[in-house]
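Peer 1: Listed here are the chains, written in short residue letters.
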Amino acid sequence: MPPKALQATTVQGDPETYEDQNVHNVYDEIATHFSSTRYKPWPIIANFLSSLMTGWIGLDSGTGNGKYLPLPLDRPGDIWTIGLDRSRNLLEIARKAGRSDFTREVLVGNVLDNPWRPAVFDYAISIATIHHLATHERRRLAVKRLLECVAPDHGRVLIYVWAIEQDELSRRKVIEDNDPSPPIGKDVVVPWVLSKELSKSSTSSKQIAGPQVYNRYYHMFAKGELLRLVLEAAAELQLQVGSRPKAEDAVQNDTRGIEVVQDGWERSNYYVEVRLWQAS
Amino acid sequence: MVRLITHNLLACHAKDCNTNNFPLAFKDAQLEIREAEFNPEFLKGFLPKIEWTALVDTARQLGDTSLPLEQPEMLDDEFLKNLHHVLLEIHVEEGSMTCPNCGHVYPISNGIPNMLLAEHEIG
Ligand SMILES: [Zn+2]
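Residue numbers (UniProt numbering), protein chains in the order written: chain G, 1 to 280; chain C, 1 to 123.
Everything labelled a hint here was simulated from the structure, so no lab data went into it.
Glycine included, C-beta positions come from ideal geometry on N, C-alpha and C.
Treat each hint with caution, since some may be false.
[To be verified] Only part of the chain G face toward chain C is listed, based on derived beta-carbon distances under 7 Å:
{"no.": "1", "residue": "T54"}
{"no.": "2", "residue": "E105"}
{"no.": "3", "residue": "N110"}
{"no.": "4", "residue": "N114"}
{"no.": "5", "residue": "W116"}
{"no.": "6", "residue": "R117"}
{"no.": "7", "residue": "A119"}
{"no.": "8", "residue": "V190"}
[What the hints assert, rightly or not] So the derived list for chain C, only partly shown, Cβ under 7 Å to chain G, looks like this:
{"no.": "9", "residue": "F46"}
{"no.": "10", "residue": "T53"}
{"no.": "11", "residue": "M115"}
For reference, chain G alone in the conformation it holds in the complex (with noise of 0.2 Å):
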């Protein structure tokens, strides 16, 4: 079958509601698919797993599969990963992402919920999630909870989402536009074509034919649109923004903020690493 078009779309209706059916429905539907085709860790996402400290334990925030659960590999054990996602089917996956021999820990969750202690994590990252978020402001809560979520002296944020720039690695076809440089991302579905054998449907509803497609929701960020979304969410909870401030500095104690670590581009999504800092 030849790659799709992606198709732009305009989210109606209540957001909460668009975003059940147009993604959280979804996965729940292809999971099994959908999780044997996300097995290779992206390589900026893996190093900063393999940079995190012995005792450290972090929330993966839309987990889906859990296949960042079992990093890194070369040191089992020395950092615990806690996997929350919306589809429950995904997590069944997820509990036993790498050996099947291993439980994770995982659990179903919103992504806009916080359900844990203040500042409990050392770390949080977010991985292809915020993006099915269907308004702005929802990604910037979304963004607020990871921040809120680590330690505020030392927690290590990063987040990942899928970019209007897409490379020729990528099957998918980006969106024709005449503006060069659109200030905000594209809100598009995207197909997923669910293999007959294992589609759930298949011994139920033989009069099917063919295999079934499932649209599910997009938000493409924009350049500089993620940077962005993480500095509002910052100024909301009263963060300053740029590096650690020095002794000689003599900022007030307990001065907040983030610095800005990394913030790139990688197959065709956006990523952005974020350190906290207290004044002490």
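Starting from the structure of chain G, add chain C with the ligand where the hints point.
Peer 2: Just chain C with the ligand now, with coordinates in the frame of chain G:
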């Protein structure tokens, strides 16, 4: 999974439930013990983040009395092995967790807790 490593981090997040919302109390917990690889360096690093009283109380409710009421100053192998067992080898497979403040119940099924709230319960 709900092991005590995760349980010790969770708090109720229902609307306006901000105090005394931790630890969630297990109810009708069905346990499974599964061996996990012992990693003392992880435990030493994680120890300062544990809410100790909550961990000891919850372990006792689940029938494990191996942890002392106060965190010891000397981290010997026996203590670390007990801590390892409590945090990483006791799996709550079925049951629920109840908020001590508002009484909200978070169900656990097939080892996976559900922390979602209905729309009107979100703060
Ligand atoms: Zn509560």
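Peer 1: If a hint holds in the structure, say so; if it doesn't, say that too.
Peer 2: Cross-check of the supplied hints:
no., hint, in the structure
1, T54, "holds (5 Å)"
2, E105, "holds (5 Å)"
3, N110, "holds (6 Å)"
4, N114, "holds (6 Å)"
5, W116, "holds (5 Å)"
6, R117, "holds (5 Å)"
7, A119, "violated (10 Å)"
8, V190, "violated (25 Å)"
9, F46, "holds (5 Å)"
10, T53, "violated (13 Å)"
11, M115, "holds (4 Å)"
In summary, the structure is inconsistent with hints 7, 8 and 10 from the numbered list given earlier, while agreeing with the others.
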